[in-house]
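Peer 1: So you can see what is in the structure, the chains are spelled out below.
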Amino acid sequence: MGVTGDVLQGFLQAIQPSSLMATAVGCLLGIVVGMIPGMTISSGIIILLPLTFVLDPNVSIALLLGLYVGGMLGGSFSAILLNIPGTPSAAATALDGHPLVARGETGRALGVAMLASFAGGLFSCLCLFFISPSLADLALSFRAPDLFSLMFLGLTIICSFAAQSWIKGLLSAVIGLAIVSIGQDPVMGTARFTFGDTNLLSGIHFLTALIGLFAIPQLIGNLGKKTIASAVRTPSIPFKSLLPTLPDLRRMRLPVTIGSIAGSFLGMLPGAGGPIAAFISYDYARKTTQSSDEFGKGAIEGIAAPESANNAVTGGALIPMMTLGIPGDPVTAVLIGALLIHGLAPGPLLFIEHADFAYSVIFSFFWANIFNLVIALAGLRLLVKLAAAPRTILMPAIAILCVVGSYALRNSFFDVYVMFCFGLLGLAMKWLDMPVVPLLLALVLGQQLEENLRIALTGSQGDISVFFTSPFSALFLSLSVVSVVWSIQSTRRMQNKEAGT
Amino acid sequence: MMVRRNVLAGVVLLAIGLGYGVLTADLPDRTLPGTPGPAFLPWLITAGWLALSTALLVRGLLGGGKKSDVIEYHIPTQSWLALVGFAAYLLLLPTLGFIVASILFFAGLTWLYGERNKLLIALTAIIIPIVLFYLFAAGFQVLLPRGLWG
Numbered sequence: 001m002g003v004t005g006d007v008l009q010g011f012l013q014a015i016q017p018s019s020l021m022a023t024a025v026g027c028l029l030g031i032v033v034g035m036i037p038g039m040t041i042s043s044g045i046i047i048l049l050p051l052t053f054v055l056d057p058n059v060s061i062a063l064l065l066g067l068y069v070g071g072m073l074g075g076s077f078s079a080i081l082l083n084i085p086g087t088p089s090a091a092a093t094a095l096d097g098h099p100l101v102a103r104g105e106t107g108r109a110l111g112v113a114m115l116a117s118f119a120g121g122l123f124s125c126l127c128l129f130f131i132s133p134s135l136a137d138l139a140l141s142f143r144a145p146d147l148f149s150l151m152f153l154g155l156t157i158i159c160s161f162a163a164q165s166w167i168k169g170l171l172s173a174v175i176g177l178a179i180v181s182i183g184q185d186p187v188m189g190t191a192r193f194t195f196g197d198t199n200l201l202s203g204i205h206f207l208t209a210l211i212g213l214f215a216i217p218q219l220i221g222n223l224g225k226k227t228i229a230s231a232v233r234t235p236s237i238p239f240k241s242l243l244p245t246l247p248d249l250r251r252m253r254l255p256v257t258i259g260s261i262a263g264s265f266l267g268m269l270p271g272a273g274g275p276i277a278a279f280i281s282y283d284y285a286r287k288t289t290q291s292s293d294e295f296g297k298g299a300i301e302g303i304a305a306p307e308s309a310n311n312a313v314t315g316g317a318l319i320p321m322m323t324l325g326i327p328g329d330p331v332t333a334v335l336i337g338a339l340l341i342h343g344l345a346p347g348p349l350l351f352i353e354h355a356d357f358a359y360s361v362i363f364s365f366f367w368a369n370i371f372n373l374v375i376a377l378a379g380l381r382l383l384v385k386l387a388a389a390p391r392t393i394l395m396p397a398i399a400i401l402c403v404v405g406s407y408a409l410r411n412s413f414f415d416v417y418v419m420f421c422f423g424l425l426g427l428a429m430k431w432l433d434m435p436v437v438p439l440l441l442a443l444v445l446g447q448q449l450e451e452n453l454r455i456a457l458t459g460s461q462g463d464i465s466v467f468f469t470s471p472f473s474a475l476f477l478s479l480s481v482v483s484v485v486w487s488i489q490s491t492r493r494m495q496n497k498e499a500g501t
Numbered sequence: 001m002m003v004r005r006n007v008l009a010g011v012v013l014l015a016i017g018l019g020y021g022v023l024t025a026d027l028p029d030r031t032l033p034g035t036p037g038p039a040f041l042p043w044l045i046t047a048g049w050l051a052l053s054t055a056l057l058v059r060g061l062l063g064g065g066k067k068s069d070v071i072e073y074h075i076p077t078q079s080w081l082a083l084v085g086f087a088a089y090l091l092l093l094p095t096l097g098f099i100v101a102s103i104l105f106f107a108g109l110t111w112l113y114g115e116r117n118k119l120l121i122a123l124t125a126i127i128i129p130i131v132l133f134y135l136f137a138a139g140f141q142v143l144l145p146r147g148l149w150g
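Chains as they are written, first to last, in this note's numbering: chain H, 1 to 501; chain R, 1 to 150.
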């Protein structure tokens, strides 16, 4: 089947009633999850994941993509309404969104946020559609040394972005690699670090680790915090007030363009993610618009730029995930896990072996952006009430879902206990201010990293120059060095700044 | 008690790294000469682990890092209780079964989160585990442990 046939097939799969329904439900859940401070999109997806095991891969990924896209917008709603960003990516939106609410222009603030998110999401969808196949084609020419170096680059970049301390970032990745080394080695099948336990032969299940690392620290961290129910007052938001006026639309054009481009590009970089894209866009919009004095007091541009950026990040992050198998952020790392469960390995071969599925993902992402806008416009009042559900009930329910989710993976208590141990590890890392994201990426990439490293060295009979003679590999390794040096320098700058204060 | 986080973490991680290295040394070396075997990556990990945890320890000893590295080592009682409760729940799960164990755990955790409405605690603690049990059994073919439930 040609490319056109694959695109058409993907489109048809994405418009199946079950896929469309899943996308819409995902958006609805995502907006609610995003609106609840203390809940992250990753946690929402992890909790929902066990429910998708029995679904068709197209339906399953449509549901999760809906949650991803919806979560970004939901996070902004709570940032605007409560001045509490539901997701880290929405922090920049609160700077101008909440002042507008304080001035009694709630509908205007939310309307601008919705439209900017929609525009950013659609722009990144176009990037995903046009860039992914070409990048996948290029990635097909990568050999084992190139693939190893690419994964190594992914790990080092994420360490640089995710950690305030480069030592802790790299340590987190090394811990992840050590965990991946448990079980049979990927080349010869030799049992490593299993202590004779057959449960460990197949290694630590990625999702079990993920549930523990993300959900348990969140459950424990939320203890003692006041419920948000009392803080939420459902404001009166007439539908008409949500529709931006023509002057507002004119003011949004430039910041939305900046945000969409910056978000899509930064989304492609592993680890850069929504918060960085949102703040960079906010800053750039402030410098380039005439109303820079209004920033921080309720500027429309101050909402439009970060909102378009954080939604554009979603499509950007899907590009390296689908074409190279490298997640752009924690959510796409979880999505890789979801695809693997369905026997679909993201990477360049996805566009060869399952091209129709790859395009159906892109089209589902497009529908997710459409549904996101429609659901947000139509059901805003109800969504605000849903998000105010008492945390006292929500958090215990999530705790039980974590247990069910880990058990459901292989019907095994072993996985449940492993999940709990990872929860303790997550708490320890939080206490140490060590980022979890590099560990997560190491869990996703570790096995392929080792496989490609050993295949490359076996092919070259142990000659490590193979990593420097291939142009792609040399480029990726050089970029890795740059990212580590940059990270060390930025840590030093931060320390000097602290010493100065 | 005041604890330097980086120093403590550096020492603990160094010890774990050494243990990982000892276990790596025991790995079988089934490979052709000049090509990497199953212990190849674990050795690289050991080297990286030891170097980085030493760097963390040295940084902690020299007083580097953020000012917040020196913190009061205090974990709220609620968090400890929740963790102990979670561990007890997991241990009792095979014996008591999903529904009974989850009802007890749910009720306890709801109380820890600050809910004091006894009727609400009782209703949600009973309804949510039962709904989840049958949802997973009927909808997703996941048979959660029945235990005392039958």
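Simulated from the structure, these hints should not be mistaken for lab results.
These numbers were taken from a predicted model, which means no experiment stands behind them.
Note that the Cβ used here is the ideal one computed from N, Cα and C, for glycine as well.
The reader is advised that the hints may include incorrect statements.
[What the hints assert, rightly or not] Reference listing, derived: stretches of chain H covered by chain R, where coverage requires no fewer than 3 residues with Cβ under 8 Å from a Cβ of chain R:
no.	segment
1	46-56
2	95-101
3	176-184
4	252-265
5	362-370
6	404-413
Peer 1: Look at each hint and say if it fits the structure.
Peer 2: Taking the hints in turn, this is what the structure says about them:
1. With 4 residues having a Cβ less than 8 Å from any Cβ of chain R, the segment 46-56 of chain H passes the three-residue criterion, so the hint holds.
2. With 0 residues bearing a CB less than 8 Å from a CB of chain R, the segment 95-101 of chain H misses the requirement of three and the coverage assertion fails.
3. A stretch counts as covered by a chain when three or more of its residues have a beta carbon under 8 Å from one of that chain; for the segment 176-184 of chain H and chain R the count is 3, and the coverage holds.
4. Requiring three or more residues with a Cβ within less than 8 Å of a Cβ of chain R, the coverage given for the segment 252-265 of chain H is violated, as only 0 such residues are present.
5. Three residues within the 8 Å Cβ limit are the bar, and the segment 362-370 of chain H against chain R gives 0, so the coverage statement is violated.
6. For the segment 404-413 of chain H, the proposed coverage by chain R is satisfied: 5 residues have a C-beta within less than 8 Å of a C-beta in that chain, meeting the threshold of three.
Hints 2, 4, 5 from the earlier list are contradicted by this structure; the remaining hints agree with it.
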